[in-house]
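Read off the chains here:
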Amino acid sequence: MSENIENTAFVNEEPKNMAAVVEGLLYLLGEDGIKAEQLALAIHKSDKETAEILEEIKKKYDSDEFGIELVNYGGVWKFITKKVVYPFAQELFNNVKPNTLSQSALETLAIIAYKQPVTRVEIEELRGVSAETMLRRLLARNLIKEVGRSEAPGRPILYEVTEEFMDSFKLVDLKELPDLPNYSTDDENTELFK
Amino acid sequence: MGFEVETLKFEGPLDLMLHLIKEQELDIFDLDMEVLTDQYINYIRKMEKLELEIESEYLVELATLVEYKSKKLLPSKVEELEDSYEEDPKERLVKRLLEYQKYKEVTKELYDSYMDRQDQYSKTLSVLEIKEEDLAYSKLEGNPYDLMKAMNRVLRRARLTKPLETKVTKREISTEDRILEIKSKLKKLPKKFSFDTLVEDCHDLSEYVVTFLAILDMAKEHVLVFTVDKDENIWFSRGVKDE
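Same order as they appear, the protein sequences are chains A and B. The numbering used here applies: residue 7 is where the first sequence begins, and numbers increase by one. The numbering used here applies: residue 11 is where the second sequence begins, and numbers increase by one.
For reference, chain B alone in the conformation it holds in the complex (with noise of 0.2 Å):
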């Protein structure tokens, strides 16, 4: 045996399959599954002889494969029965190998784009900050996601910028009581202000949290919209439902 160079790498047992389809030459709207699993068996042997690691996935779609060609083998009279509420398997992988070289096909266009827009550059922002007051005409929105990510932020900060207290809480506050207080603090409040402002008098981590929930049950209830900016400072302003 010669100096066999195998380095073709596939994205997948997918594209595998696609990869051995058109070695094949098999018409992969009428495919002949017995072919296909052969060469793929074939494939999975070289590898393993190469001492290359198999990724799972492609054990799984040999099991598939495998599966389909003893269910042929076997003399079946369920076989019927189980085809009327059973997508075909056969039909299945066909759809799924379409599907996925729809996308693979793509790609090739969209890898032209990226290398282009590699070759052109462009040069750094010339001011170190950009003013706060931007944040006026960003529209105010955001997920719930971005202010849990800025809240953690807000955590953080209070560890390093004060020790959390680590005895037992004496004032224990539920987040309906919060809630009023930050209300009774609203009108007192800019038009804009930022996470910071709201959690300047809590003490410990359970107020922290507590006035967090008070917080999101303010801003499902509209009483404040919050949005949450490049740097992960959440900021408010009172919301549509003004009480």
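Same shape as in the complex, but just chain A (with noise of 0.2 Å):
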């Protein structure tokens, strides 16, 4: 079939099943995935519109004949492996182990992640140690950013984390972290916590 023939099929005529074309363009995008309003523009669709496509496939994907499923970390929209194949690739792949992360990679990121935009001075107060390291270690991960500085002293950089976190930690949006504990030394509800 001619190229032409293609071009015009694709701009005259919508294809009958726009999900399909949604689905194959996730396929190519891979890892890299796609924000919604960014898929909108390719596929000529609404917001709104995309947004129930892809839910739809989200939806189908979700059910156990698939190995593969959707998901929406920070806005960006990809297909990943199901957890059900791990041990499987363990088994066909060499290496494949986890990045782990350490914990005071995890306090760093926690504190960040809470309380952003957030000086380094922010963070070695509240950890007792100091944060240069593991923000320079963080940075190069791509799990942090800077976003410009304080208008502090001393113009401090100021950090966020970024949509590589959100991925990394299954989040869509910062609101779904899990609630920070609530101590409080101020009130006299302290017996609670005894």
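Accuracy of the hints is not assured; some may be wrong.
Claimed, not checked - Capping the alpha-carbon separation at 25 Å, the derived lysine to aspartate or glutamate pairs in DMTMM-like fashion look like this: (1) B:K118 x B:D98; (2) B:K112 x A:E43; (3) B:K133 x A:E97; (4) B:K240 x A:E97; (5) A:K121 x B:E115; (6) A:K151 x B:D40; (7) B:K133 x A:E169; (8) A:K176 x B:D129.
What the hints assert, rightly or not - Simulated restraints, written as ranges between beta carbons of each label pair: (9) A:E182 x B:D187: 48 to 54 Å; (10) A:K121 x B:E101: 19 to 25 Å; (11) B:L69 x A:E152: 29 to 35 Å.
Note that these hints are calculated values from the structure, not bench results. If you're wondering where the values come from, they're calculated on a predicted model, not measured in any experiment. Glycine is no exception: its CB is placed at the ideal position from the N, C-alpha and C atoms.
Two chains, two frames, some hints: make the complex.
Okay, structure coming up:
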């Protein structure tokens, strides 16, 4: 079939099943994934329609008939394999070892995620240890980013978590973070925590 | 003495204190500073015996604890006066411990979802490059640091493509003049253009810098809007204040 005919077909006639097209696009995008608004422009649909298509596909793949699932982490939609595949992938591939995060990395990330934008000094005050090396490491792993400078003296750099962070911790929104336990020294109901 | 496996690793002095409080079954809301201080010193001594490196942060907190203890031991008249304007160090410590504990606690949950995610893979992008027009629907925004990073990239590239002239420059141009030059250029440029189009006529470093300053000025005045893409290319479009 000539390229010409294909092109006309695409421009003039909408494919019967747009969900199939989106599925194909998501397959091509792989780990990069795509934001719903970006996808909407590519498939010439409204944001609302696109969101519906995505939800439809997500629902379809949630069924245990399928080995992959559609996820939305930090607004980015992508296909990932289901957990059930993992042990078998281990059999098949050599180097499928997880990237671990140290306790100090987790603590630093938690502080940034809950308090962002946040400066290095604020993190250090909270953890009681120097944060410089850890921040550099997290920046290199693209889990945090610099977002500007605070108005405080010395205009220190402010940090926030990235989309990569949202993906790594399976979050659609930062609001989904677990609630921080509520200890308090100020009020009288401290007995509760004894 | 038997073989003692002291492999407990702490994330810092606060973490160590929380451990000691738990071990000694102290009440964190009514902290027995004396017990805590003694235990803390014990631990530091142990570390010294094992010839483990003690990070300075542990010593800073140790100093605070010891200072508190010694103040309590000394008969003092001034103390009352001091306390009226200084936060009680014990209260401050408790506050810090509680705050730290909050974050320490949620890390367990975070760690679980992180490890969970590690069991799920995705494949790499099939097509090598996403079309440049995609920029059209990415919002036009960026912060000065993106711009700075991109500027560094431009300079690096400039250094590679043409050797910068080493002789003293003859042509010197002020930022104001450069702004006027760019403004007159703007009308001929497409809606969206790259940083490289603006520095095409630059011959040496100072001209790059002046251009960069001019752009910063124009971005501030909203004559230019810029965005920096994934590959650290700077893109511009005419801003809201078209002159």
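Evaluation of the provided hints:
no.: 1; hint: B:K118 x B:D98; result: violated (32 Å)
no.: 2; hint: B:K112 x A:E43; result: violated (36 Å)
no.: 3; hint: B:K133 x A:E97; result: holds (18 Å)
no.: 4; hint: B:K240 x A:E97; result: violated (35 Å)
no.: 5; hint: A:K121 x B:E115; result: holds (15 Å)
no.: 6; hint: A:K151 x B:D40; result: violated (39 Å)
no.: 7; hint: B:K133 x A:E169; result: holds (17 Å)
no.: 8; hint: A:K176 x B:D129; result: holds (12 Å)
no.: 9; hint: A:E182 x B:D187: 48 to 54 Å; result: holds (52 Å)
no.: 10; hint: A:K121 x B:E101: 19 to 25 Å; result: holds (22 Å)
no.: 11; hint: B:L69 x A:E152: 29 to 35 Å; result: holds (31 Å)
Consistency note: the structure conflicts with the earlier hints numbered 1, 2, 4 and 6.
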